[in-house]
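Fit chains B and C to the supplied structure of chain A, relying on the hints for placement.
Chains as they are written, first to last, in my numbering: chain A, 1 to 374; chain B, 375 to 923; chain C, 924 to 1197.
From the structure, some residues in chain A lie toward chain B, with a derived Cβ separation under 7 Å:
| id | residue |
| --- | --- |
| 1 | Ser154 |
| 2 | Ala175 |
| 3 | Ile293 |
| 4 | Gly337 |
| 5 | Phe340 |
Calculated from the model, a selection of chain C residues having no Cβ within reach of chain A, i.e. all distances over 10 Å:
| id | residue |
| --- | --- |
| 6 | Asn973 |
| 7 | Gln1090 |
| 8 | Ala1145 |
| 9 | Ala1177 |
Simulated from the structure, these hints should not be mistaken for lab results.
Built from N, CA and C at the ideal position, the CB exists for glycine as well.
One letter stands for each residue in the lines below.
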Amino acid sequence: MLTQRLLTSDKGGMVVLGILALTCILVPILNLAVPESSPLHVSTFTVTLLGKFLCYALLALALDLIWGYAGILSLGHGAFFALGGYAMGMYLMRQIGDRGKYGDPLLPDFMVFLNWDSLPWYWLGFDMFWFAMAMVILVPAILAWVFGWLAFRSRVTGVYFAIITQALTYALMLAFFRNEMGFGGNNGLTDFKDILGFSITADSTRIGLFLASGIMLIIAYLACRYIVTSRMGRVIVSIRDAETRTRFCGYQVESYKLWLFVFSAILAGIAGALYVPQVGIINPGEFSPLNSIELVVWVATGGRGTLYGAIVGAFSVNYGKTIFTSFYPEAWLFPLGLLFVLVTLVLPKGLVGLFSRFKRRHKKSNDAKQEDAP
Amino acid sequence: MIVTNAMFKLQNSVRRYLSFTLLLVMALGFSPGYAQSAPDKTTTFNTLVDELAEGSLSKRIKTVSAIATLKHERSAIVLSALQDGSLKATRGDPTLVVIELEDDSLLSAQTGALINDDLGRLKRIPIHNKLRSQLHTLVAQLNLSSPDKAIRLGAVNRLITDGGNEETATTLQALRESEPDSGVRDAMSTAIAMYNIQSDDANVRLNAVKQLQGSLIPEVRGPLAALADSDPDKAVQQEAQQALESIEGRLKVFRFSENVFFGLSLGSVFLLSAIGLAITFGVMGVINMAHGELMMIGAYTTWVIQQLLPNHIGISLFIAIPSAFVVAGLVGIAIERGVIQFLYGRPLETLLATFGISLILQQAARSIFSPLNRAVSLPEWMSGSLQINPALSLTFNRLYILLFGLMVFFALLTILKKTSLGLKVRAVSQNRPMARAVGVRASWVDALTFGLGSGIAGIAGVALSQLTNVGPNLGQAYIIDSFMVVVFGGVGNLWGTLVGAMGIGLLNKFMEPYAGAVLAKVLILVLLILFIQKKPKGLFPQKGRAAAD
Amino acid sequence: MNPFKHARNWSTRALPVKDPNFGHAVDTSHGPILYIEDVNVSFDGFKALNNLNLFIDDGELRCIIGPNGAGKTTMMDVITGKTKPDSGSIFFGQQINLQHLSEHQISRGGIGRKFQKPTVFEALSVYENLELATADDKRVWHILSHQLTGAQRDKIDEVLYTIGLSQHVHNSAGNLSHGQKQWLEIGMLLMQSPRVLLVDEPVAGMTGEETERTAELLTSLAGKHSVIVVEHDMAFVRSIAKKVTVLHQGSVLAEGTMDQVQSNPKVIEVYLGE
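Extracted from the complex, chain A is given alone in its bound form (with noise of 0.2 Å):
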């Protein structure tokens, strides 16, 4: 019943589904049991950029939800996202012990630097991974909902509210780069070592990670899933069409806007927890306002409120990202800013719109070309 509610009409998000699934199985395999010196082999190097672009894809999930279904446009969703990825970086940097440059078996190295003497207390507990787990949830979600409760409840929305929401990444990135704040300033978090005990830097941890980003993301798309074909998501999407009229049905749109942009800030910090220990580093660069709005280009290319275009686009836009920048290293915003322009002109529904838009018009001659035929 419930599968049936979450799968049927939604062919392409089984499709999406279905590669995940297929890539979730097959590139441990290539990876892990075929030599290297095989043609099907799939480099560590491969994986992770894999499992890169599915924690992106995690975050662009998170943002269409929102955006897409409840016409919240956050342009600070990247916020979210480096808090997860900072919580999960502490934990890391507890790991690493004695084993730093300085040897200290407490403190990170940039707190030896600069010349602490005690662990802040915001660090307590991080040594542990229950802790840092609960944190990667529960910080992004405290924030997301101070945030909302406090902009939903004056009706602020729109463009208004798309840049608020810059202001708080931008605001907090000025607060992460100042070294007094105890997140290692400008280096951010960085030297990993270890995760759970295993070595970070290991084959199998690595795709460890690939896995676990691939599995959250299945789940993260069956619970968005959940929502939008619930009637909660009806009520969203009517919220997105006529705020007011939701409001005189006896909705309290603001609770509802509230719990969808808190669950949207949660699946955004998972996305940045899972992202960290694949990339090694967290610095305060990520809470920068042009990485929440690349973001917002990946949905919309992909095409917005439809769950699976969001990680059609985050796949596609990085892959694309990563073919440019290796001829053209510097000139990355060119197509990046054409892209925000095309999409919005003349592609409003995304690849997914213009996929759907091919089929229609390949069935309509089809059907017409039958029809010709005697």
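Chains B and C alone, transformed into the frame defined by chain A:
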């Protein structure tokens, strides 16, 4: 109020001061009064200067005294050059005595003429401590009796900062009676008091302390504090404490005024960058994320024009203002016609598309002008500062930008209120179909309004180029602040933008001393978010039924 | 002094959210279900409502007419919580002070509103539109985790029949005709089982036949619900109204049957004089 010009602020740099005097002398030429006695006086002076280069130190002391007594118009220049070691001699024969300026150019010690020949290696004319203190007194005395008011004041101020001796104090006392200028006279009193404050006589000290009450010169506070702390005489101690307190009180007032000035100056930058936005955002309902880049275009326009006219920095600035308006305005119109006109009524899409444009423009600037920052030189009248008193000085560039910002603001207000374009803009913004029905070409008005807003962004860029370096990221730094200003002030109200800009500017500057620049910014963002709770539509909301929807 | 003093605390606290249908508990023992007393609203110095006094009886069908700017829409805004009055009081029954409630609470409590411009959720089907409006616990968790009950689905069928859209149940609301959208919106009000229906210009832009059907629909609703209709179309008002209130410059100019009102010299002056 004493208006000092740029050169004067740096009285401590004797070399600067030398070249200043030199210019003055050259400009005046030799006055006819000098003509009669000049030949033999000048001959003696020339000989004496040549003698400085040779002989023992003890002989040099005599020569120095002789030069001072001669009171030649270049006596002070040569002696102070000797004092700070820029008086040099050639190694050849005959020995030439020259003054080496900071930029390595050489002047003849006797005539002050520029020497272009290569003189080989130079040796510095040596002095020792005794000679140095003698020079100090002599130079001060010579300058104190200079006919130029500015030189006299400079000499007195040097005495205040470096401290005088009994001899200079006596000289000052005598000169004060005949000093025509009240500003110089006050400075002389301070200098004398600064000397007297070290006196052994408690009464003299007491009077000196009274004299120093309320003085804002920083050097005054040290000795006063010493007296307030441990003067043997109770009355003096008390008086000194009082004097210090009154100085602190006055300083607080001036520090406050300085903060206000800096706050307003920052506010004027916000104002310039936000009013263009306020038009496009408030009046047209269009969010232009490329607004910062339009400012960047204005700044680069300034830089380019300056490159084309390297010798006319002042003029190039005045050419830059209209050019930047036109260039940024045209780019704005192109953006409106090319992209935004297809997106009216879809604010979020407009936001994204213009963000894309901003990325393209940024990258274009990086590709054309390199990612490095470019420095725009300030015209002379923009550099330096308006010295209101020793504790308060206002830099000219900030002052002018503040005035400029207000000018642009009122000009824009007039355009919107008084011109037919303004009328049409307001008509379209209030009721697009109705405006169209009465014959307003809405699309044409849109393009022009957007051009106007963009042009003002260009002008803001010109102003910014006078404050910071010009680079591809110039616009990014201000865009979020500008949006905050518009949100704070209320959309669709230019007065709100003015109050919002100045308010946020002031808040920034007043929080900086307590929280640091970065944290102040963060706190302001937080405050703004809280402020929106109270007043979701800003300080000056648009009222009425239309606004409630 | 204030007879409702104790009630105010009560209404702000627990009630509206806990019981989604508190409208049924409204105390109408004195007759009226809505009390609008001395209400003032001004925008930028313009008095939209000027000491407005209006009482609506339980089960009554009341038509409100008046020239443009008379304050009709503002009156609806004030009742539904969209606009807060500068002064005056609005009570739902004897005890519930609407000034302290927000829009969704007022709506849950049993005051439904149809807008001047038909606003249905065009991206959703007719069925989903009605489902959204169904009276239920409308808090997030309940809506996320519960499907409609059988009774609620029956209610949807019933309303679909009432508004004559049974044929279109799975059509997208965006594809309905103008008149059908108006009916759907009325249907959505009915799904909320409201005590009071505020209907703003229900027949604007309708064909003659549609107008007739709407008149039938509204008169059939009176009795079970209190219906307040704001309308410009005099013929329509005459066809349904028992009691008419004329608003002018934010206050009541005249009240009575259509004939009484139409012969009132003040009304004639307002409509024809200037």
